[in-house]
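Now for the letters of each chain:
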Amino acid sequence: NAGVTQTPKFQVLKTGQSMTLQCAQDMNHNSMYWYRQDPGMGLRLIYYSASEGTTDKGEVPNGYNVSRLNKREFSLRLESAAPSQTSVYFCASSEPGQGAGELFFGEGSRLTVL
Amino acid sequence: DAKTTQPPSMDCAEGRAANLPCNHSTISGNEYVYWYRQIHSQGPQYIIHGLKNNETNEMASLIITEDRKSSTLILPHATLRDTAVYYCIVRGDSNYQLIWGAGTKLIIKP
Numbered sequence: 001n002a003g004v005t006q007t008p009k010f011q012v013l014k015t016g017q018s019m020t021l022q023c024a025q026d027m028n029h030n031s032m033y034w035y036r037q038d039p040g041m042g043l044r045l046i047y048y049s050a051s052e053g054t055t056d057k058g059e060v061p062n063g064y065n066v067s068r069l070n071k072r073e074f075s076l077r078l079e080s081a082a083p084s085q086t087s088v089y090f091c092a093s094s095e096p097g098q099g100a101g102e103l104f105f106g107e108g109s110r111l112t113v114l
Numbered sequence: 001d002a003k004t005t006q007p008p009s010m011d012c013a014e015g016r017a018a019n020l021p022c023n024h025s026t027i028s029g030n031e032y033v034y035w036y037r038q039i040h041s042q043g044p045q046y047i048i049h050g051l052k053n054n055e056t057n058e059m060a061s062l063i064i065t066e067d068r069k070s071s072t073l074i075l076p077h078a079t080l081r082d083t084a085v086y087y088c089i090v091r092g093d094s095n096y097q098l099i100w101g102a103g104t105k106l107i108i109k110p
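Those protein sequences? They're chains A and B, same order as listed.
Under this note's numbering, the residues of the first sequence are numbered 1 to 114, in order.
Under this note's numbering, the residues of the second sequence are numbered 1 to 110, in order.
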């Protein structure tokens with residue numbers, strides 16, 4: 001099984017451009033997440049989807065939108081990219097269980113905004 | 001969510017046990033302690049979790065104090081491939097907004 005797959009792995013944008021990060025999981029998990037990680041720091045939650053059809057803001061949602069397309073897919077959109085959004089983005093999924101379940105992460109999408 | 005406190009860095013000799021401490025003094029009764037690690041800039045990898053009792057799996061052991069205010073992750077025979085940043089997180093049921101600190105950077109030395 002592939003687990004959690006993110007595309008693209010690398011992207012360079014100019015300020016003001018838009019793009020969508022795609023995430024898909026094949027573990028039939030109900031919950032999915034988007035995190036960002038800046039150098040030397042821990043992960044910060046952007047948005048999450050507890051179950052299909054629901055999305056909620058995390059710690060740092062400004063400048064982002066999400067879509068839970070179906071149970072497998074959860075996309076993250078930057079409508080007008082800014083240099084402050086240069087970061088590594090991780091998608092994760094989990095199945096609620098003991099303490100909301102173990103998180104499974106993708107390999108990350110490295111975004112640079114010039 | 002309860003917050004956690006971890007030392008920023010630790011060294012350990014290859015072949016020795018690596019003991020990584022974590023303080024979570026404000027943990028509540030229904031919150032689990034989870035450990036993850038992140039190698040280079042890869043996605044974090046789940047290691048182990050526990051509620052009250054000590055836990056062991058093929059990767060590590062987790063020792064939780066009786067008052068649950070702290071825990072220790074033990075890698076019994078550290079190898080160079082265990083060099084990573086280790087994160088300790090507490091998490092309750094239906095709680096999706098985790099707080100990830102900076103973790104402990106563990107360096108295994110030959």
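Hints in this document: simulated from the structure, not taken from any laboratory.
Treat the hints loosely; a few may be bogus.
To be verified - Distance windows between CB atoms, simulated:
(1) B:N19 / A:S18: 44 to 52 Å
(2) B:T5 / A:M27: 41 to 49 Å
(3) B:P7 / A:G53: 36 to 44 Å
(4) A:S67 / B:K109: 45 to 53 Å
(5) B:I99 / A:E95: 32 to 40 Å
(6) A:E79 / B:T79: 38 to 46 Å
Unchecked claim - Here are a few chain A residues that sit away from chain B, every Cβ distance over 10 Å (derived from the structure):
(7) A2
(8) L13
(9) K14
(10) D26
(11) S31
(12) G42
(13) N62
(14) N65
(15) S67
(16) N70
(17) E73
(18) S80
(19) A82
(20) Q85
(21) E102
(22) G108
Unchecked claim - Over the 10 Å line for every Cβ pair with chain B, so calculated as not near, a few chain A residues:
(23) T20
(24) A24
(25) L45
(26) S84
Note that the Cβ used here is the ideal one computed from N, Cα and C, for glycine as well.
Hint check results:
1. Between N19 (chain B) and S18 (chain A) the Cβ separation comes to about 47 Å, which falls inside the hinted range of 44 to 52 Å.
2. In this structure, T5 (chain B) and M27 (chain A) break the distance hint of 41 to 49 Å, their C-beta atoms being roughly 32 Å apart.
3. In this structure the supplied range 36 to 44 Å holds for P7 (chain B) paired with G53 (chain A), their Cβ-Cβ distance being about 42 Å.
4. The supplied range of 45 to 53 Å is met by S67 (chain A) and K109 (chain B), whose beta-carbon atoms lie about 46 Å from each other.
5. Judged by the Cβ atoms, the range 32 to 40 Å given for I99 (chain B) and E95 (chain A) is violated: they are separated by roughly 21 Å.
6. A C-beta distance of roughly 45 Å is found between E79 (chain A) and T79 (chain B), which places it inside the suggested range of 38 to 46 Å.
7. Consistency note on A2 (chain A): stated as away from chain B, and its beta-carbon is indeed over 10 Å from all of that chain's, at 13 Å minimum.
8. The Cβ of L13 (chain A) lies farther than 10 Å from every Cβ of chain B, with a closest approach of about 19 Å, so its non-interface assignment holds.
9. Distance check for K14 (chain A) against chain B: the nearest CB is about 24 Å away, which clears 10 Å, and the non-interface claim stands.
10. At roughly 15 Å, the least C-beta separation between D26 (chain A) and chain B is larger than 10 Å, which holds for a residue marked as non-interface.
11. With a least beta-carbon separation of about 7 Å from chain B, S31 (chain A) fails to lie farther than 10 Å from that chain, contradicting its non-interface assignment.
12. The claim that G42 (chain A) is not at the interface with chain B is violated, since a C-beta of that chain comes within 10 Å of its own (minimum 3 Å).
13. For N62 (chain A), the shortest C-beta to C-beta distance to chain B comes to about 16 Å, beyond the 10 Å cut-off, and the non-interface label holds.
14. At roughly 18 Å from the closest C-beta of chain B, the C-beta of N65 (chain A) stays outside 10 Å, upholding its exclusion from the interface.
15. The non-interface label for S67 (chain A) is consistent with chain B: the shortest C-beta to C-beta separation is roughly 17 Å, beyond 10 Å.
16. Here N70 (chain A) stays apart from chain B, with its beta-carbon at least about 19 Å from theirs, past the 10 Å limit.
17. At the 10 Å boundary, the C-beta of E73 (chain A) stays outside the reach of chain B, the nearest C-beta of that chain being 17 Å off.
18. Residue-level check passed: S80 (chain A) sits 26 Å from the nearest beta carbon of chain B, beyond 10 Å.
19. Consistency note on A82 (chain A): stated as away from chain B, and its beta-carbon is indeed over 10 Å from all of that chain's, at 22 Å minimum.
20. Every CB of chain B is more than 10 Å from the CB of Q85 (chain A) (nearest about 17 Å), matching its label as outside the interface.
21. With a least CB separation of 5 Å from chain B, E102 (chain A) falls inside the 10 Å interface cut-off, contrary to its annotation.
22. Non-interface status of G108 (chain A) relative to chain B is broken: a Cβ of that chain comes within 10 Å, the nearest being about 6 Å off.
23. No Cβ of chain B comes within 10 Å of the Cβ of T20 (chain A); the nearest lies about 19 Å off, and the non-interface call holds.
24. Residue-level check passed: A24 (chain A) sits 14 Å from the nearest beta carbon of chain B, beyond 10 Å.
25. The claim that L45 (chain A) is not at the interface with chain B is violated, since a C-beta of that chain comes within 10 Å of its own (minimum 6 Å).
26. Listed as outside the interface, S84 (chain A) is consistent with that label: its C-beta sits roughly 19 Å from the nearest C-beta of chain B, beyond the 10 Å cut-off.
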